Structures are given as C-alpha cells and as structure tokens.
Amino acid sequence: MESIGDLLNGFAVVLSWQNLLYMVIGIVLGVIIGVLPGLGGANGVAILLPLTFSMSPTSAIILLSCIYWGALFGGAITSILFNIPGEPWSVATTFDGHPMAQKGQAGEALTAAFTSSFVGALFAVIVITLAAPLVASFALQFGPAEKFSVFFLAFCSFVGMGKEPPTKTIAAMMLGFALAAVGTDTVTGQLRLTFGSTELLGGFDFLIAVIGLFGIGEILLTMEEGLSFKGKAAGINPAVVLQTWKELPRYWMTSLRSCLIGCWMGITPAGATPASFMSYGIAKRASKNGDKFGTGEIEGVIAPETAAHAAGTSALLPMLSLGVPGSPTAAVLLGGLLIWGLQPGPLLFVEQKEFVWGLIASMYLGNIVGLVVVLTMVPFFAAILRVPFAIIAPVILVICAIGAYTVHNNSFDVVMMLVFGVAGYFLKKCNYPMAPLVLAIVLGDKAEEAFRQSLLISQGSLGVFWSSGLVATIMSLGLIALFWPFLSNLYGRILTPAFRK
Amino acid sequence: MSNPPDDPDSVGPRQRHVELGVAAFMVVLGAITIFGSLKVGIGWGAEGPKSGFFPFWIGLLIVGTSVFNFVWAYITPNRKLFAEWGQINQVLKIVWPMAIYVAAVPWLGIYVSSALLIIGFMRWLGHYGWPLTLGVGLGLQVIIYVTFEKWFLLSLPKGPLEDLLGL
Amino acid sequence: MIDSLRFRALAFAVSAAMVASLGVAPAGAWEPTRNVEFIVPAGTGGGADQMARMIQGIVAKHNLMKQTMVVINKAGGAGGEGFLDVKGAKANPNKLVITLSNLFTTPLATGIPFSWKDMTPVAMLALDEFVLWVNADSPYKTVQEYVAAIKAAPDGQFKMGGTGSKQEDQIITVALEKAIGKKMTYVPYKGGGEVAVQLVGKHIDSTVNNPIEAVAQWRAGKLRPLCVFDSKTLPYPDKIAGDKSWADIPTCKSQGLDIEYVMLRGVFMPAGVPKEAVDYYVELFKKVRATPEWAQLMKDGAFNTSFMTGADYAKWVENEDKRHRDLMKEAGFLATN
Numbered sequence: 121m122e123s124i125g126d127l128l129n130g131f132a133v134v135l136s137w138q139n140l141l142y143m144v145i146g147i148v149l150g151v152i153i154g155v156l157p158g159l160g161g162a163n164g165v166a167i168l169l170p171l172t173f174s175m176s177p178t179s180a181i182i183l184l185s186c187i188y189w190g191a192l193f194g195g196a197i198t199s200i201l202f203n204i205p206g207e208p209w210s211v212a213t214t215f216d217g218h219p220m221a222q223k224g225q226a227g228e229a230l231t232a233a234f235t236s237s238f239v240g241a242l243f244a245v246i247v248i249t250l251a252a253p254l255v256a257s258f259a260l261q262f263g264p265a266e267k268f269s270v271f272f273l274a275f276c277s278f279v280g281m282g283k284e285p286p287t288k289t290i291a292a293m294m295l296g297f298a299l300a301a302v303g304t305d306t307v308t309g310q311l312r313l314t315f316g317s318t319e320l321l322g323g324f325d326f327l328i329a330v331i332g333l334f335g336i337g338e339i340l341l342t343m344e345e346g347l348s349f350k351g352k353a354a355g356i357n358p359a360v361v362l363q364t365w366k367e368l369p370r371y372w373m374t375s376l377r378s379c380l381i382g383c384w385m386g387i388t389p390a391g392a393t394p395a396s397f398m399s400y401g402i403a404k405r406a407s408k409n410g411d412k413f414g415t416g417e418i419e420g421v422i423a424p425e426t427a428a429h430a431a432g433t434s435a436l437l438p439m440l441s442l443g444v445p446g447s448p449t450a451a452v453l454l455g456g457l458l459i460w461g462l463q464p465g466p467l468l469f470v471e472q473k474e475f476v477w478g479l480i481a482s483m484y485l486g487n488i489v490g491l492v493v494v495l496t497m498v499p500f501f502a503a504i505l506r507v508p509f510a511i512i513a514p515v516i517l518v519i520c521a522i523g524a525y526t527v528h529n530n531s532f533d534v535v536m537m538l539v540f541g542v543a544g545y546f547l548k549k550c551n552y553p554m555a556p557l558v559l560a561i562v563l564g565d566k567a568e569e570a571f572r573q574s575l576l577i578s579q580g581s582l583g584v585f586w587s588s589g590l591v592a593t594i595m596s597l598g599l600i601a602l603f604w605p606f607l608s609n610l611y612g613r614i615l616t617p618a619f620r621k
Numbered sequence: 017m018s019n020p021p022d023d024p025d026s027v028g029p030r031q032r033h034v035e036l037g038v039a040a041f042m043v044v045l046g047a048i049t050i051f052g053s054l055k056v057g058i059g060w061g062a063e064g065p066k067s068g069f070f071p072f073w074i075g076l077l078i079v080g081t082s083v084f085n086f087v088w089a090y091i092t093p094n095r096k097l098f099a100e101w102g103q104i105n106q107v108l109k110i111v112w113p114m115a116i117y118v119a120a121v122p123w124l125g126i127y128v129s130s131a132l133l134i135i136g137f138m139r140w141l142g143h144y145g146w147p148l149t150l151g152v153g154l155g156l157q158v159i160i161y162v163t164f165e166k167w168f169l170l171s172l173p174k175g176p177l178e179d180l181l182g183l
Numbered sequence: 005m006i007d008s009l010r011f012r013a014l015a016f017a018v019s020a021a022m023v024a025s026l027g028v029a030p031a032g033a034w035e036p037t038r039n040v041e042f043i044v045p046a047g048t049g050g051g052a053d054q055m056a057r058m059i060q061g062i063v064a065k066h067n068l069m070k071q072t073m074v075v076i077n078k079a080g081g082a083g084g085e086g087f088l089d090v091k092g093a094k095a096n097p098n099k100l101v102i103t104l105s106n107l108f109t110t111p112l113a114t115g116i117p118f119s120w121k122d123m124t125p126v127a128m129l130a131l132d133e134f135v136l137w138v139n140a141d142s143p144y145k146t147v148q149e150y151v152a153a154i155k156a157a158p159d160g161q162f163k164m165g166g167t168g169s170k171q172e173d174q175i176i177t178v179a180l181e182k183a184i185g186k187k188m189t190y191v192p193y194k195g196g197g198e199v200a201v202q203l204v205g206k207h208i209d210s211t212v213n214n215p216i217e218a219v220a221q222w223r224a225g226k227l228r229p230l231c232v233f234d235s236k237t238l239p240y241p242d243k244i245a246g247d248k249s250w251a252d253i254p255t256c257k258s259q260g261l262d263i264e265y266v267m268l269r270g271v272f273m274p275a276g277v278p279k280e281a282v283d284y285y286v287e288l289f290k291k292v293r294a295t296p297e298w299a300q301l302m303k304d305g306a307f308n309t310s311f312m313t314g315a316d317y318a319k320w321v322e323n324e325d326k327r328h329r330d331l332m333k334e335a336g337f338l339a340t341n
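Residue numbers (the working numbering), protein chains in the order written: chain A, 121 to 621; chain B, 17 to 183; chain C, 5 to 341.
Keep in mind the hints are simulated off the structure, nothing from the lab.
Computed from a predicted model, the values in this text were never measured in an experiment.
One or more of the hints may lead you astray.
As the list claims (entries may be wrong) - Derived Cβ-Cβ restraints for the label pairs, each shown as a range:
1. Met373(A) - Pro158(C): 48 to 58 Å
2. Phe603(A) - Asp141(C): 37 to 47 Å
3. Lys243(C) - Gly125(A): 26 to 36 Å
4. Lys121(C) - Trp101(B): 10 to 20 Å
5. Lys290(C) - Ile116(B): 45 to 55 Å
Said to hold, decoys possible - Derived coverage of chain B by chain A (criterion: at least 3 residues anywhere in the stretch with Cβ under 8 Å from a Cβ of chain A; other residues may be distant):
6. 47-60
7. 74-85
8. 88-99
9. 103-114
No residue lacks a Cβ here, since even glycine has one placed at the ideal position from N, Cα and C.
Please construct the entire structure, taking both the sequences and the accompanying hints into account.
So, in structure tokens, the structure goes:
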C-alpha cells in the first residue's frame with residue numbers, strides 16, 4: 121500500500137530528538153491548557169503560533185498538534201477530580217468520572233480516561249492513514265441538511281435517558297436552547313433576546329454555563345454537606361494504572377462503538393463535544409449496567425473519552441484535505457499552515473507529502489508520548505484530592521473565575537458564571553437534569569443554523585431532510601434512537617407472551 | 017447529594033416551596049424568551065423561519081412544562097426539607113464572598129480580588145495560620161500571573177495596584 | 005473631528021518642542037508601555053484573524069516591537085463586541101483593532117452603537133478582493149453564460165453562499181441581483197472556507213469568496229473563477245491553476261456586471277490617543293509591510309496592496325462609510341429595532 125510507505129517516510133521525518141522534545145513540551149503545555157477551564161487548545165495554539173515561525177513547518181506543526189493532544193487528554197483531569205470540565209468535550213466525562221472520584225476511585229477514572237483517549241485517537245489516526253482521500257470526498261457530501269441530520273442524531277441518541285421527571289428534562293433542555301439562541305442570529309444577522317444589553321451580544325458561551333453549573337454548583341453542594349471532598353480518603357496507589365488496565369479489555373465493545381461514533385462525528389464535522397455526548401448516551405442504552413450510569417461506572421468514562429478523542433483527531437482530516445476547520449483549535453492550526461505557505465486543500469496531500477505524512481506520523485507518536493506523560497502523572501493528580509477543602513475550594517473558585525473571564529475576555533462572564541453556579545445548585549437539588557441543558561447549549565444554535573440554511577436552499581420545503589439517501593438514513597436513525605425506549609418496550613411486550621406460551 | 021431527614025420538626029425551607037420557586041422562575045425565563053422572540057418576529061417566512069420562530073416555541077415549552085412542574089409540586093404532598101438552615105448558611109458562606117468577589121473584579125482587578133477571596137476563605141472557614149494563608153493567597157497570584165500573562169499572553173483584568181506597580 | 009485633529013497636532017508640536025528642548029530623545033520616540041492588544045472583531049480562522057496573527061508573527065519574528073502583541077478575538081454581535089471594547093478603551097494607546105467590512109455593516113444592520121468615528125484611524129494595510137466563483141463541473145465558463153442561466157431560471161433558484169448575514173458577501177449578492185434583475189437565494193455560513201467547500205460539494209451554485217478562501221480549491225481544479233469585483237484585474241501573473249493566474253480573471257465590469265467591491269483590511273485605535281502613538285504604529289506597520297512574509301501573504305491572497313495613513317485614510321473610510329450606508333439602505337438591511 122502506498123500510504124504505508126508514505127507513513128514510514130513520515131516517521132523518518134519526525135523521529136529526531138528535537139522533534140520528540142517538542143512533543144513532550146507540547147503535550148505538557150496542552151495538559152496545562154486542558155486543565156485550566158476557559159483556556160482552550162485554541163488559545164495555546166494561537167499564542168505559540170508566532171513562536172513557531174522560526175522552526176521548520178514539520179517541527180512547528182508537531183509542537184502545535186501535540187498541544188492539541190495534550191488539551192484533549194487534560195480536559196478529563198478536572199472533570200474527574202472536581203466536576204469541572206476543563207474543555208467542552210469533557211462534560212460527559214464528569215457524569216461518571218466525578219462520582220468515581222467521590223467513591224475514591226480517582227486513579228482508576230483517570231487511567232480509564234487517558235487510555236480511552238489514546239485508543240480513540242489511535243483508531244482515528246489509522247482511519248486517516250488508510251482512508252484519507254475517501255473520507256475527504258465523503259465529507260464533501262455534507263451540506264446544511266446533512267449537518268442538521270447529524271446534530272439531530274446526536275441529540276436523539278442522548279435524550280430520554282434520565283430518571284428525572286420528563287417535564288423537568290424538557291424544561292431544562294429548552295432552557296438550554298433558549299440560552300443558545302441569545303445573541304446574533306447568524307442566518308438573518310439580527311440580534312435577538314439581548315434586550316439592548318451590550319453584554320449579551322456574544323450570547324451565553326457554553327463554557328461559562330458549564331463552569332458555573334458544574335464547577336461552582338458542585339462546590340456549593342459540597343459546602344452544604346460540610347467542608348470536604350468525598351474522595352479525600354483515597355490513598356495514593358502507584359500501581360493503579362496497571363490494575364485498571366487489567367479491567368479495561370472487558371469493555372472492548374464500548375470502545376469500538378465509541379471509536380466509530382467519534383470518527384463519524386469528527387468527519388461530518390459535528391465535532392468532539394456532540395460525539396462525547398452521543399457516545400455516552402448510546403453506551404448507557406447498550407450497557408447491561410445502564411441504570412448505574414451516573415453513579416460512577418467506568419464504562420461511562422470510557423465511552424465519552426474515546427469518542428471525543430477519536431472525533432478531535434479525525435476532525436483534522438477535513439481541515440487538511442478541504443481547508444475547513446472542525447473546531448476553533450483546528451481553525452488556528454489552519455491559519456498556521458497558511459502562514460507557513462502551506463495551503464490546506466485537496467492538493468496538500470499531493471504537493472506537501474512530506475509535511476502531511478510527517479503530521480500523521482506525529483499523531484501516532486504524539487499520542488504515545490502523551491499517554492506516557494499523563495499516565496505517569498495519575499497518582500499525582502489523584503493526590504490533589506487530599507488537599508483540604510478550605511484550601512482547594514477558593515483556589516478552584518479563582519481558577520473558575522479566571523477561566524470564565526478568558527473565554528471572551530469579559531468581566532460580565534464572571535458574573536454569569538456565579539449566576540449559573542447558584543442556578544445549578546437549585547436545579548440539581550430540584551432534580552432537573554444538567555446534561556440535556558448543556559447539550560442544548562452546545563448544539564442549539566448550530567442545529568438551528570443548519571436547519572434554516574437547509575430551508576433557505578429548499579426554499580421552505582421540509583422535504584429537504586428526506587431528499588437524499590444519506591440525509592434520510594441519518595434522520596431515520598435519529599428517529600429510531602429517539603423512540604428506542606418505546607420501541608424496545610414494545611418489542612419486549614410482543615415477545616414476552618410468546619415466550620410464556 | 018444530601019438527604020435531609022424527613023423530619024417535620026427540624027428547621028429549614030421545604031423542598032416543595034423551593035420547587036415552586038424554581039418552577040416560577042423558569043416560567044419567568046420562558047416568558048422573557050417569548051417576549052424577546054415576538055420582538056424579532058416569530059413567523060415562518062418564504063425562506064424558512066424568522067429569527068424569533070424557534071425561541072418562541074422554546075419559550076412556550078419552558079412556560080408549559082414549568083407550569084406543569086409548578087402545579088405538580090403544589091398538589092403533591094411533600095414534607096421533605098430542602099436543606100436545614102445550617103446547611104443553607106454554609107452555602108451562603110461561599111455565595112456572598114463570591115458575589116462580592118465578582119463585583120470587585122472590574123474595580124480591583126482579578127489579582128487583588130482573588131488574593132482577598134482565598135485569604136478570607138482560608139482564614140475565616142479553614143482557620144489556617146497566617147503563613148499558610150498568605151502563602152497560598154499570594155503565591156497563587158504569582159503563578160497565575162506567570163502562566164496567563166507571560167506564557168499564554170492573556171491580559172487579565174487589572175486594578176489600581178497593578179497600575180501602581182506598572183504591570 | 006477637525007478640531008480634535010488640530011488640537012492633537014498642536015499637542016504634538018508642543019510635546020515635540022518640549023522633547024527637543026530637553027534633548028533626550030528624538031520626536032516620535034513613543035513606545036507601547038504594556039502588551040499591545042490586537043482586537044479581532046471576528047472569530048478564529050477567518051481572514052481578519054489570519055492577518056492579525058500573521059502580523060503578530062511577523063512582529064515577533066523580526067523583533068519589531070519591545071512589548072508583545074496579543075491577538076484577542078471578540079466576535080460577538082457580528083464583531084460589535086470587539087468594536088465596543090475599543091470604543092470603551094478611550095485614550096488607551098496599547099490597543100489596536102483590525103477591521104473588516106463589519107466596521108460599517110454591523111452598526112447599520114444591528115443598531116449596535118458605534119461608528120468608525122469612535123476610533124482613531126491608523127493605517128490601511130491592504131484591500132481584500134472578491135471573486136465570483138462557480139463549481140468547475142458547472143457548465144458556466146463566463147460571466148455572461150452564468151448571468152444568462154440565472155435570468156432564464158425562476159427567482160431564487162440559484163443559490164449564492166456567503167459569509168455572515170447582511171455583510172459584504174450579501175451586499176455583493178444584492179448588487180448582483182439588481183444588475184441581473186433576478187432574485188438569488190443567499191445562504192449565510194459562518195466562515196469563508198466553509199463556503200468554498202459547500203460550493204465544491206455543489207450545495208450552492210456560486211460564491212463571492214475572497215481569493216485566499218478559495219484558492220486551494222481552484223488549484224485543485226474544483227472551482228472556477230468568473231470575474232473579480234475590482235476596477236482593474238489583479239496584478240499577480242504567477243500561474244495558479246493550470247495555465248491560469250490571478251491576472252487572467254477579468255473584471256466583472258468588463259463582463260457586463262457593473263459591480264465593484266473591495267474590503268478594508270485596516271487598523272484603528274481607540275479615540276483620544278496621543279499622535280506619537282499613532283505615528284509609532286504607522287511606522288510599525290510600514291516595517292511589517294516591508295517583510296518577505298507579508299509580501300508572500302499578499303501574493304497568496306491576491307490582495308490589493310494599497311496603503312494609506314492619516315487624513316487620506318480617514319477620508320477613504322468616510323467615503324466607504326457613506327457608500328455602505330447607501331448600499332445597506334438600498335438592500336433593506338438597516339436595523340429596524
């Protein structure tokens with residue numbers, strides 16, 4: 121196979137001591153960025169971009185893409201330890217990761233998260249290696265209607281999974297959609313729901329809501345119960361990595377499914393965050409321990425992390441082959457390519473072979489280096505939970521506030537973070553589910569935009585969502601996912617009497 | 017999550033009342049959404065829905081489900097406590113300082129406010145000694161300054177003290 | 005405005021005289037005292053963002069400034085967030101903003117209260133061109149063929165993709181509709197690269213992408229340029245796609261579409277900054293423009309390399325503001341609420 125030869129050449133380009141050093145630096149920086157909420161991979165990449173001009177494009181892109189991997193790894197750390205998602209795609213990791221930490225299994229959760237991330241990324245890189253041209257032409261088929269159907273599918277596979285009262289679930293989800301609608305309406309360029317306030321021009325950022333609802337809300341709940349994190353008593357266990365690894369192969373099915381979901385969402389390109397939610401939702405339905413999801417199931421950590429990393433990695437492919445970034449981080453990387461005189465596009469794979477295969481080779485190596493780096497830090501991270509609450513709590517509050525500020529460089533966001541925090545405390549205590557709310561904030565305006573673009577193209581006809589095989593298939597899958605609980609119930613009822621006879 | 021005893025004698029707000037309050041608040045939010053949508057137009061034009069179309073229906077759904085939640089909470093007998101006053105007090109111990117902190121950031125800058133928050137919290141709630149308190153409170157500011165302003169080149173809000181120091 | 009300019013000139017003269025009399029440093033030796041914030045009133049990855057990061061990179065690489073330049077994206081409210089930030093930072097000489105056409109269109113379309121007059125013009129860096137693109141598989145080889153096809157079809161059948169709503173791409177589309185006498189369907193997307201790919205995927209019929217947004221797809225033989233919306237052809241004769249160069253694309257005017265539109269890539273500062281500071285940045289941008297990296301960017305993106313400062317620049321901006329007001333009014337894009 122030609123691409124294997126190209127890849128080996130790529131390894132030859134990448135494997136130098138200097139480049140390995142850049143990888144380690146990049147991973148460590150990325151982990152720091154991932155840990156600090158509000159500071160995203162895009163920040164790190166953007167800020168280091170100018171510094172990389174004096175390097176060769178290959179070295180520079182290795183450094184930058186390793187920051188990207190590091191951020192993907194790092195997002196899980198604060199999600200698990202403090203219920204604060206460091207990055208948007210680690211929100212779904214909090215659902216079971218944080219309960220695990222509360223049960224004293226922080227080390228296990230971290231190991232599972234990092235390993236799954238690695239597996240997801242590796243899978244995606246293999247897909248890129250073998251199927252890059254195919255995938256690129258597939259991605260071209262995605263117009264607004266197809267994109268909407270992907271969002272629809274992601275949403276349908278996640279909703280209807282909670283034990284909370286349905287009216288509360290709907291209310292919380294709709295609140296998320298309403299928050300997502302605030303700001304500029306991209307389709308008409310009109311301002312809506314801002315009520316003349318300049319602070320609301322940018323709308324409610326997903327990260328602000330998440331830092332507040334999850335991070336601050338969690339601290340308030342902890343305060344109510346007295347001053348301690350529950351995971352405090354957990355001992356430091358250096359062997360935790362190996363012990364967890366023994367358990368992981370049992371969940372190969374979840375991993376494989378999450379890899380596929382992740383690659384699909386990364387290429388289409390819906391992105392890592394919806395991928396993690398969708399993967400979590402499907403894992404919950406498919407698992408025999410589905411009812412225990414949310415109470416600290418390791419599978420609930422594996423599913424979102426694998427999918428997020430697979431999506432984050434495969435999202436780089438449309439960027440390279442089409443020039444369309446799948447995330448803000450990818451957008452900045454794209455800018456970087458242009459600055460180095462590399463034009464992302466169909467010809468990049470032909471004209472800049474060395475660069476492209478060097479990058480792909482660095483994806484393999486960067487992930488391995490990343491895994492080693494973060495796994496060695498697991499016991500250290502888990503030990504952070506031993507710091508007394510009265511010290512760590514104000515530190516977390518300050519870091520959350522700075523994180524909220526840095527999202528848009530806006531002091532008002534810090535105020536909103538606190539408002540979301542207090543709201544999160546009340547909503548949680550009143551049994552309103554948070555997950556549909558945040559998913560609605562993430563997907564809300566994107567889905568609405570795609571929906572309305574589709575209608576513009578079809579001149580108002582809803583038939584556009586059933587107009588081609590691709591979009592009709594995805595929409596049907598979405599509907600099946602939405603009515604799955606009902607369907608499986610029905611199926612069970614039809615079968616049971618038959619068995620009794 | 018805590019499970020306050022189902023004991024009518026212990027003091028604190030009832031879960032039912034809080035549920036009613038939250039539902040009512042959601043109704044208000046829904047109403048605001050509907051009002052805002054009406055302002056930008058909720059019709060379905062020749063080229064698909066207008067800016068307010070989706071928010072309008074979303075607002076209606078919020079109001080609808082929240083009214084249901086309100087009525088449900090009202091008619092369901094529930095003598096459970098939301099939390100004891102002591103617990104509420106604990107929560108307020110963090111909410112008030114945070115509110116002051118958030119209000120102070122635009123005036124004092126984030127460094128001074130953060131240092132005060134940490135020092136106050138550790139002294140007042142943690143009863144730690146001054147050396148540790150000051151060490152964490154001030155040390156963290158230095159770390160934040162180096163990380164954000166020097167490495168990541170992000171400009172955080174500053175106040176009179178930073179102006180004085182010329183940072 | 006004139007008064008304040010005169011006052012500033014006077015202030016400058018006085019301070020220059022003072023400096024000269026003290027004999028410490030040459031006039032204009034002002035330098036930024038803190039990190040210089042470079043505001044981008046658009047999202048990451050767009051044309052303005054790329055240019056700002058490029059400048060940041062050039063300044064860092066060639067060590068053109070003692071303080072560091074920091075790029076900050078404030079994209080909310082169609083860029084209104086970024087402009088309001090600059091408007092609110094009166095007399096802060098450590099803040100710059102790069103503009104795109106939303107400098108004119110955002111206040112008109114959204115009613116967000118700012119105008120270019122709330123800022124100090126520094127320099128025009130370049131003008132970005134617009135090209136009419138169709139899919140290479142489409143049968144339209146010339147503007148005339150494409151226009152004829154649009155005319156023959158019912159209103160709204162042809163879809164034009166563009167970046168944002170009620171901004172430059174849609175303004176051109178409206179002008180096009182007027183020239184042709186048929187309605188097209190304008191489909192707004194978030195970024196220029198996405199628009200180009202949507203055209204490659206045949207989800208839309210044409211775009212008015214900037215050269216840099218579509219060049220990769222053109223080189224790959226996926227897109228075909230029909231004409232450029234400028235008064236003269238582009239001055240870049242290097243072969244790009246096959247035997248075609250930017251210079252081979254005819255102007256739209258020569259093809260019977262009398263539409264001209266270029267977009268400002270310029271820099272502004274907050275109001276009330278000292279003249280020395282403005283002069284410092286003008287010099288800085290002159291140095292940036294002299295670097296090979298800048299020349300390469302101009303060539304890659306087939307930019308119009310006009311450079312203006314001071315009163316010329318202010319005059320140009322003022323004319324452009326008027327023109328946009330008229331265009332937006334005609335198109336019915338003015339904010340109603």
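Status of each hint after checking the structure:
Met373(A) and Pro158(C) have their C-beta atoms about 53 Å apart, which keeps the hinted 48 to 58 Å range intact. Between Phe603(A) and Asp141(C) the beta carbon distance is about 40 Å. The supplied range of 37 to 47 Å therefore holds. In this structure the hint that Lys243(C) and Gly125(A) lie 26 to 36 Å apart at CB holds, the actual value being about 30 Å. Checked against the given bound of 10 to 20 Å, the beta carbons of Lys121(C) and Trp101(B), roughly 57 Å apart, lie outside it.
In this structure the supplied range 45 to 55 Å holds for Lys290(C) paired with Ile116(B), their Cβ-Cβ distance being about 48 Å. With 7 residues bearing a CB less than 8 Å from a CB of chain A, the segment 47-60 of chain B meets the requirement of three and the coverage assertion stands. Only residues whose C-beta sits within less than 8 Å of a C-beta in chain A count toward coverage, and the segment 74-85 of chain B has 8 of them, enough to reach three; the restraint holds. Note: the segment 88-99 of chain B has 3 residues with beta-carbon separation from chain A under 8 Å; the three-residue rule is met and the coverage holds.
For the segment 103-114 of chain B, the proposed coverage by chain A is satisfied: 8 residues have a C-beta within less than 8 Å of a C-beta in that chain, meeting the threshold of three.
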